[in-house]
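Trainee: Input sequences plus hints: build the corresponding full structure.
Just so you know, the protein sequences line up as chains A and B, in that order.
Per my numbering, the first sequence starts with residue 1, numbered consecutively.
Per my numbering, the second sequence starts with residue 1, numbered consecutively.
Any given hint could turn out to be false.
[As the list claims (entries may be wrong)] Here are the simulated DMTMM-like pairs of lysine to aspartate or glutamate, each with C-alpha atoms no more than 25 Å apart in a straight line: (1) B:K592 x B:D203; (2) B:K330 x A:E51; (3) B:K318 x B:D354; (4) A:K11 x A:D52; (5) A:K42 x B:D326; (6) B:K469 x B:D212; (7) A:K42 x B:D212; (8) A:K42 x B:E522.
[What the hints assert, rightly or not] Quick list of the computed label-pair ranges, beta carbon to beta carbon: (9) B:P521 x A:K80: 32 to 40 Å; (10) A:K80 x B:S47: 43 to 51 Å; (11) B:R306 x A:N6: 41 to 49 Å; (12) A:H14 x B:S558: 25 to 33 Å; (13) B:T67 x A:N7: 53 to 61 Å; (14) B:F315 x A:K80: 27 to 35 Å; (15) A:N7 x B:Q195: 35 to 43 Å; (16) B:T67 x A:N6: 24 to 32 Å; (17) A:N6 x B:P521: 29 to 37 Å; (18) A:K80 x B:Q195: 24 to 32 Å.
Since the hints were derived computationally from the structure, they do not count as laboratory data.
Quick reminder that beta carbons are idealized off the backbone N, C-alpha and C, glycines included.
Here is how the chains run, residue by residue.
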Amino acid sequence: MAHDYNNILQKLCHHIGRFASSGIEIVPESDLINQLAIDSVKLLNLVMEIEDEFDISVPINVLADVQTVRDLADLIHKIKSAS
Amino acid sequence: MTNAISLETKPLSSTVATLKGSLTQAFDSKLSNESTIVVNPTPTYNSQPQRLADFDTLTSALEYAATGTTGYNFYDAKGNLRSTLPYRVLKQNARVSARRLLGLGLAIGDRIAIVADTTPEFIELFFACRYAGLIPFAMPLPVNLGSHAVYVQQLRGILEGSQANVALANADYINFLGEAAEGLQRLRWVGTPEQLEKLPAPDKTLQSNHPDETAYLQYTSGSTRTPRGVIITERAVMSNLQGIVRNGMGMHSGDRIASWLPFYHDMGLVGMLMTPLVTQVSVDYLATRDFAIRPLQWLRLISRNRCTVAFSQPFGLKLCTLRVRDSDLKDLDLSCWRVAGIGAEMIRPDTLRDFAEKFAPAGFNINAFLPCYGLAESTLAVTFSNTGHGFQSLRVDAAALIDKKIAVRLQADGRKYTEFVNCGRPLPGHTVKVADDAGQELPDLRVGSVLVHGTSIMTGYFNSPEETKNALQPGNWLDTGDLGFLFEGNLYITGRRTDVIIVNGRNIRAQDVEELAEQQPEVRSREASAFSITDANDIMTIVLVIECRLTSVADRQSLTSRLQRLVYMAFGVNCLVELVSPHTLPRTSSGKLSRFAARKGFIQRTDLTDQLSVESRDR
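Mentor: Pasting the structure below:
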């Protein structure tokens, strides 16, 4: 389980890195909006990549509680475990 | 993370990944009403003669549609058909749910709040309310990362403003609704459609509706202001629908609609949910979220099901142009699309041109564009251009527009111009006039406030006599808050009144200031808000608030001074630039920036409270 989670986190950081402002280190505590500058259009692209990468569907209601990279990784892990 | 993820405690939500297996696995219990396996969408061609919205009330329209074979179809993010709701089934389910609602001890005219996800349940509840003589209204979905608290606050504002008696949300949103409803005395019952289904359906007679009764409320909230509920009667909505389907879209047998527009937006509710019903036409829905993430799915639906009518805001077209890959075009055939309606925000000709150019190889016909103008206060639509003619536009001299408020058609090349899209003529039973600040009607090509009179105008804002008085002028002329001009009977919208900054008697469009900012690489579109403030000495200053991600002091300073320089160069006035963190600027339920609220926020942050009484307002 822990291995799965780390794997998710690693892949997620890779995807976020493609959208985030360059030169900023991405850590689990990074704030997606304020630190990594993921705006609404980038978010749509990021969600699409996440869905393709992890073969899941991310419901819009749960994004309202996502602020950090870790929140997002937790969410993916939760959806994957439930499917 | 807080408790909004409740995957363990409920059947997997309709949007969670249950779709990898066979179609039958894709159904969770709550989606299945009568039929559990959906193989085919409802047909395009009906078994009954088409009637074009010649009904007194929405339920009488449904009674007729229910004698045919057409209806609503719901597709998932991957383009699979998830469920269908033929009008025949809708009628049956809505009538049963109506009795369940009445079993809660509600009185005629009580308000029922429904969080409006794109589901069959929303439509069933909406019509259940009408059968029961109750007043339904749609509440929005959350849209942003981390927006939990803001969203709950927004819902609460609407619940309070509407004095709702019952509130419903599906399993995905019930937690938010529960939080918003906490402690509200008037609410008798809060739950999901599944919970409602478990209640008894007492044997009550359902009365037919009267054209004069309120059909529904339409909330048009900004995110920080008190939301306003537009009251629409059965007569108003049927009048508007008749104009839309006959004169606006020219609906006929063989039409089929595709839509991703949210049901909580007037264009989604009236345009894409009621229009098909009152013409007994089938419609294919994609959830707004699924469109936003994969806009291609909407175009695929149109292509695959040979849809003829689909509407969008300009922003939706932009998403398609930006995000659909060229390699996807070969699988699309959009030649069936005869009405590509555009409305709900200012239409820029370039947005339409870019879209047409991108999708021409897929058979999109630029003549399918159908610009229109409207607002929730007039049910939905006010003017429509002509179907099959594409969009027309007028290039007017930019200087004359600002200095003299006159739209002078561009005579020579090389002058700075602004291009406006022709939004067409008023629907039958409606009149549009343009007036100056004193209320005097203006001739063609003179820019002023757009006023509308006609049969689909709202009765008022629910429980807001003051706001109603501001919007509905003597003689029942609706002040739209928009600016525009008429030319040869056609309406051209030039901006919103709050969008105009008057400095030294010159009209400067706030939009122009914002666009200038958005041309800077550090500033994204929809993240700049411009308005004006006046100090004690009556000196007017333009304020530009920018959502900014720059962290270094030098970068921020560079952006600020560049913007001040550019605004001065373009408009000859000084400008105050404030950089704020992302998601500070308030947005309306349809995602537009609210300048009124942005201005209020700025004034509060900078402690200029004596500014709050100044004239500016938007809606």
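Trainee: Indicate, hint by hint, whether the structure satisfies it.
Mentor: Now the hints, each set against the structure:
no. : hint                       : verdict
1   : B:K592 x B:D203            : violated, 45 Å
2   : B:K330 x A:E51             : holds, 24 Å
3   : B:K318 x B:D354            : holds, 8 Å
4   : A:K11 x A:D52              : holds, 12 Å
5   : A:K42 x B:D326             : holds, 19 Å
6   : B:K469 x B:D212            : holds, 20 Å
7   : A:K42 x B:D212             : violated, 47 Å
8   : A:K42 x B:E522             : holds, 15 Å
9   : B:P521 x A:K80: 32 to 40 Å : holds, 37 Å
10  : A:K80 x B:S47: 43 to 51 Å  : holds, 45 Å
11  : B:R306 x A:N6: 41 to 49 Å  : holds, 48 Å
12  : A:H14 x B:S558: 25 to 33 Å : holds, 32 Å
13  : B:T67 x A:N7: 53 to 61 Å   : holds, 56 Å
14  : B:F315 x A:K80: 27 to 35 Å : holds, 32 Å
15  : A:N7 x B:Q195: 35 to 43 Å  : holds, 38 Å
16  : B:T67 x A:N6: 24 to 32 Å   : violated, 59 Å
17  : A:N6 x B:P521: 29 to 37 Å  : holds, 36 Å
18  : A:K80 x B:Q195: 24 to 32 Å : holds, 29 Å
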